[in-house]
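Construct the complete structure from the given sequences, taking the supplied hints into account.
Single-letter residue listing:
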Amino acid sequence: MLTSPSVAPAREVTRTPDRARRRTLVLLGLVAALAATVLASLALGVRDIDPAVVWDALTGWATGAPLPDDQDHRVVVEQRLPRTVVGMAAGAALALAGTLVQGVTRNPIADPGLLGLNAGASLAIVISSVILGVSSPLGFIWFAFAGAAAAALLVFSIGAGRPVRLALVGATVTALLTPLITITLIQSSTAFNLYRTWAVGSLAGVRSAALADLWPFLVAGAVLTAAMAHRMNMLALGDDVATALGQRVGTTRVLSGIAIVMLSGTATALVGPIALIGLAVPHAARRLVGTDYRWITAVAFLLGPVVLLVADVVGRVVMPHSELEAGVVAAAIGAPVLIAVARSRSLAGV
Amino acid sequence: MTPSPTNTLPTAPNAPHGVTGDAADDGTDGLRHAIGRLRTARRRRLGFVLGTCVAALAVLGTLGLMLGDSTIAPGNALLAAFGAGDGGDLFIVQQLRLPRVVAAIVVGAMFGLAGALFQSTLRNPLASPDILGIAAGASLGAVSGLLTFGLAGVAVAASAFGGGLAVALAIWFFAWRRGLHSIRFVLVGVGFAYLCQAFMTWLLARADEREAASALLWTVGSVADVRGDDLGILAGGALVLMAGGAAVARTQRPLALGDDNARALGVHVDAARVGTLLLAVGLVALATSFAGPVAFVALVAPAIARRLLSDGSPALVASTAVGALLVLAADLIGNHQVFGVAAPVGIVTGLVGAPYLLWLLATNERKERP
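Protein sequences appear in the order of chains A and B. Each residue of the first sequence is one higher than the one before, starting from 0 at the first, in numbering that gives the first Met the number 0. Each residue of the second sequence is one higher than the one before, starting from 0 at the first, in numbering that gives the first Met the number 0.
By construction, these hints were calculated from the structure, which means they are not laboratory data. One or more hints might be untrue.
Unchecked claim - Per the computed footprint, the stretches of chain B lying under chain A, defined by three or more beta-carbons under 8 Å from a beta-carbon of chain A, are:
#1 196 to 204
#2 213 to 226
#3 344 to 350
To be verified - Short derived list, chain A residues pointing at chain B, Cβ under 7 Å:
#4 27
#5 168
#6 195
#7 274
#8 337
#9 338
#10 341
Glycine included, each C-beta is placed from N, C-alpha and C at the ideal position.
Dropping the structure here:
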């Protein structure tokens, strides 16, 4: 199943030209898809804007020219550009976190939302805002990290090793934290109003200032993920084999855990608890480029933003006047993937 | 089909050990004698467990009638419950406290029985409507009824019933692949739970604040406002479905032995499973439609009941009694501010049930690891 060069050189040699070409094509196709999605995200919405005008507005903004008194230019630069950038960042973060979770647990049914990390971050954010009165994203982020990390520790320590159990522990932790969130929210109507608009997972009205504060965590998480990719390949062969090949398995787990918490905690603080993107994207990536985690990571990095932006644009276009938030569309995309995984034959032995 | 590794329903093995010892000494008569003794012991244990549950229900129920803004003496409270006593007590007990106690008992019994049916027929102690997404479907039905269509009263209940049933059927449809594999059923259910959750959050996000807050409370589960006609419909439906439960009970013990063994014993496995699941879904949807998804009762009650009986049976009757006891106790705790705030019953059961489930998952893992 896994054919990294050090393991099966003979098979790899015969299949290399074909596979390398295919993988390169996939990457190029994804870059094109990302460009198209970004354009769609800038152009479509309540007010459809001509791509040429979008281009004008972007180049004008990039050269630092003063904003012309044109409604279309304003919409593109002031509303859709920040929204698109935040969507790209959050989409990449969610997809990379999902890839890492699936790799480090060797578990096809893993995703930061499914494993209760989002619920942990949500509870921490709710508590910090209701009880401590925190309201800035940079204030939230440490609580989000702490909540996600605590949930991750709990879930991994109980569920490690058995894929189905891990998913169930995650669902249970979510079910445990949800009443706690509810009972905290009942006490404060301002917090409830903040929470319900945030919990739905929307890119609308996302503070690009928040991204300006939080981008270092995303970059650090992405770099750490890239560094872990090769270790994931060895880990896929089992802990014993990875150890025999000279890897410190414990170090891999700890570093991956830090990257997962940083990526999913930041994404949750930015756009709310969006579930199932982290599940669906790595599966699609595996279909596209095979089981080498270096390629899966690269594909997930490009595909995550595409999926989240598509979810956002679909939500804008389907319900032009009230908007279907990206989190809802993402769940509608992700749930069928989970169901397909559950139906796949490979699960019979889990 | 091999039984799933998560199948930890206590099965017969601990029983036959003693039996074979006797059989070796005394032959067939001895065996028959030993089985007879075992049966008597089990019956006695079941009687003891059920008797204790009923006694505890009576005590807690009386407490529920007595306590509140004005405390009523136990004798007067019971008299008032049966329609005697003086005017003030009569009103408080008959109109306010008795419906709540009865609703807690009925809802708890329904969740307990439904959980036992789910777990025995799917042979998975983790199968519960909370995890399967059926509770989430019912919540989505109720929340959309409350917020989008402006329904009230029985119409909300009907909407919740429809939501739960629709999700159950959808899980079924997608999980069916040459038979109903229990892990597939659970995972597909988890997927639907997230989908329903997402749409529910979406509805809550765009509703008027006060309506959204009351809908949010509904999703927690409460037995405080089930009275009058609602209570009548609930109790009537519960009786009908429980009679159905008695009818399918016979097939549950063979099913616990695995599909192949059950077939060999003459059980039509798929038909039995379909019938049982329909009943269980009906129980959950009906109870949820009036009281909301009271968290984890359906999961925890059968686990406790099986442990109390420890005879390898699906413990349907005992689960019903334990479920009623759990919800009644949790409602008393939540209503009388034991935690400092008046909490709806679902929050209390969630805070007790979820850690229990985590503990169950943690200890099961240890047992399975070689």
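Consistency of the hints with the structure:
1. Proximity of the region 196 to 204 of chain B to chain A, defined as three or more residues with a beta carbon under 8 Å from a beta carbon of that chain, is established by the 7 residues found.
2. With 4 residues having a beta carbon nearer than 8 Å to a beta carbon of chain A, the region 213 to 226 of chain B meets the requirement of three or more and the stated coverage holds.
3. Coverage of the region 344 to 350 of chain B by chain A holds in this model, with 4 residues showing a Cβ closer than 8 Å to a Cβ of that chain against a need of three.
4. Given hint, residue 27 (chain A) at the interface with chain B, is violated; its Cβ is 32 Å from that chain's nearest Cβ, farther than 7 Å.
5. Proximity of residue 168 (chain A) to chain B holds as hinted, the smallest CB-CB distance being about 5 Å (cut-off 7 Å).
6. Given hint, residue 195 (chain A) at the interface with chain B, holds; its Cβ is 5 Å from that chain's nearest Cβ, closer than 7 Å.
7. A distance limit of 7 Å between C-beta atoms decides the matter here; for residue 274 (chain A) the minimum to chain B is near 5 Å, and the interface restraint holds.
8. Interface restraint check: residue 337 (chain A) against chain B, minimum CB-CB distance 4 Å, threshold 7 Å, status holds.
9. The restraint placing residue 338 (chain A) at the interface with chain B holds, with a minimum CB-CB distance near 5 Å, inside the 7 Å limit.
10. Look at residue 341 (chain A): its Cβ gets to within about 4 Å of chain B, closer than 7 Å, so that hint holds up.
In terms of the numbered hints stated before, the structure departs from hint 4 and from no other.
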